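Residue numbers (this note's numbering), protein chains in the order written: chain A, 1 to 205; chain B, 1 to 341.
It is worth saying that the hints were derived from the structure and are not from the lab.
Any given hint could be a false lead.
To be verified - As a list, the in silico BS3-like pairs of lysine-lysine whose alpha-carbon atoms are at most 30 angstroms apart:
(1) B:Lys145 - A:Lys129
(2) B:Lys145 - B:Lys79
(3) A:Lys129 - B:Lys333
(4) B:Lys333 - B:Lys79
(5) B:Lys213 - A:Lys114
Note that the structure is predicted; figures quoted are calculated from it, not measured.
If you want the building blocks of each chain, they are given just below.
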Amino acid sequence: MSSTSGVQPTKGYLMEMQRRIVFIERGTEFLKLKRDHLAKELSESIEVLRGRRRLLLESLGEAYKAVQAAYLSLGPTEVESQADSIRSTLDIDLLPKSIMGVQYPYIKILRRPKVEGELDITLSYASDKVFSILEEIIRLAEFESRVERIADELGRTNRKVNALENTVIPDMKAIIKFIQDKLDEEQMEDLVRIKLIGGALASEK
Amino acid sequence: MTYAVVRSHALIADLLTSNQMRSIAAADSLEEFMTQLSQTPYGQISLEPDINPSISLERVFYRKFIERIVKIVDIVPSKIGDLLQTYYYMRFETLNLDRIIRGKFSEATPAEIQANLVPMMPFRAPSYPSLSEAADIDSLLELLKGTVYNAVAEKLPAYKQYDAIWPLQLELQHLYSITILNTVEKLPRDQRRMISKIVELEADIENFLMAVKQSRSQKDAEVKPEEMFDATYGIPKETLHLVVDGADLRESVESLGEPYSAILAPIYEGDVALIRTNLRSQIYQTVNQARAGNDFGFNPIMAYLVFSELEKDDLVGVAWAKEQGLQGEEFLKYLVVPNVT
């Protein structure tokens, strides 16, 4: 179906369309700016994310080795028994944060796990390592979620810009041209009609 | 006694060899581990339902080990039998009491506490269910009054002062060492040496680890080092006090000489678990050396039980590692039997 089907070729409609296309073109420019900004933010964040992930994986590897050593040294029952002495667990709250209109979760740590009983030194080393990276794991999860949301928003903005640039604006331009042509045609017809009437009146005199 | 010695020699031959343990440790999965184990004197093992497989296997290995102790105790003279029962049952009971005290301190439920106990009947303590159902640590210590563990109950003021259970844990260890050393006194001199050496070495290493742990902890109540170590043997109290006060670990360890410096060396890299493996390897060597001196008296009997315990500990580690999908070389350094020549 043509974009001009059902269009009323009136001057009022033409003026409305011209007002709209200015507004849409300005919006498209803003969206392009947003897209570029999001793309820049995303590429920078991905670099940071890679670095932080690598560091965390190293720390996790060390922590897991320490836990592994504790299990092999003490046996699973003893480790479970000592782990049961950690009564206060991790308590968090999820709050919304926003960057360029993109919302992402911010994790607020309300309470950290605390070892209330006495741990064997092997497990104490392991728990120190795990607790030391706990906050980093949370911050990284938060950052990953932020990057994912930015990437989603970038995709959405890109699609919007493409749709506006390739479909909406050309269609509106076509409509405007169509109306302008129609109005020009009508103006010509009126002119011819006036000329004909004028000629007829002159010949009658 | 002769029968017990001959029987011990035969039973030692039935234990898993270094190569067998290596092959078991190289199993691809827990199922393969159990299949390989079924071809050894352990036979077919069935796991308890609704329990983590590695914990279920740990219980199986404990039961098997206790069966072995019972077999030996039944055929040795009563003095040696008393010593062996005290040495092993009291060790496991100390472990159970430690777990009950820890459970009470962290307000675990009686069911949670009992799920983590070594599967055995009480030896010198009141029944484990009654202890684990005590309202708090005060009531628990009250139940221990008048038993062999009375000295632990008397540590209540220290527990309250520091708001920590280490005074109770240290007293349990101390009590265990003292009881064994007193029981050993009843044996002839040549039979005492090996067991005293093992008990003293274990107590020394645990004291040192406790000192390192105290130096790392940030407790509000300041701990007085002189109140910490009631019994020390090869590691002087002064060294332990210096370690608690944060002295240089390398300097402290090197000053101890062999075998302590070799056993404790992994502390430099923070691999505390390897210290316990080194300790167990040292115990293996001590027993082997004693057998080399005299392989016809008490030594092979004790050697059988020591080797059995090392085998149990290694199998517990391997079972957990297989459940986690770890491959051989990653955890082999924490085992003793595969690394002995």
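Verification of the supplied hints:
Of the pairs offered as hints, the one joining Lys145 of chain B and Lys129 of chain A is violated, with about 39 angstroms between alpha carbons and a cut-off of 30 angstroms exceeded. At most 30 angstroms may separate the alpha-carbon atoms for a hinted pair to count; Lys145 of chain B and Lys79 of chain B meet this at roughly 27 angstroms. As the CA atoms of Lys129 of chain A and Lys333 of chain B are separated by approximately 21 angstroms, the hinted pair is consistent with the 30 angstroms bound. Distance hint between Lys333 of chain B and Lys79 of chain B is unfulfilled; the C-alpha atoms sit about 37 angstroms from each other, more than 30 angstroms.
In summary, the hint linking Lys213 of chain B to Lys114 of chain A is supported, as the alpha carbons are separated by about 17 angstroms, within the 30 angstroms threshold.
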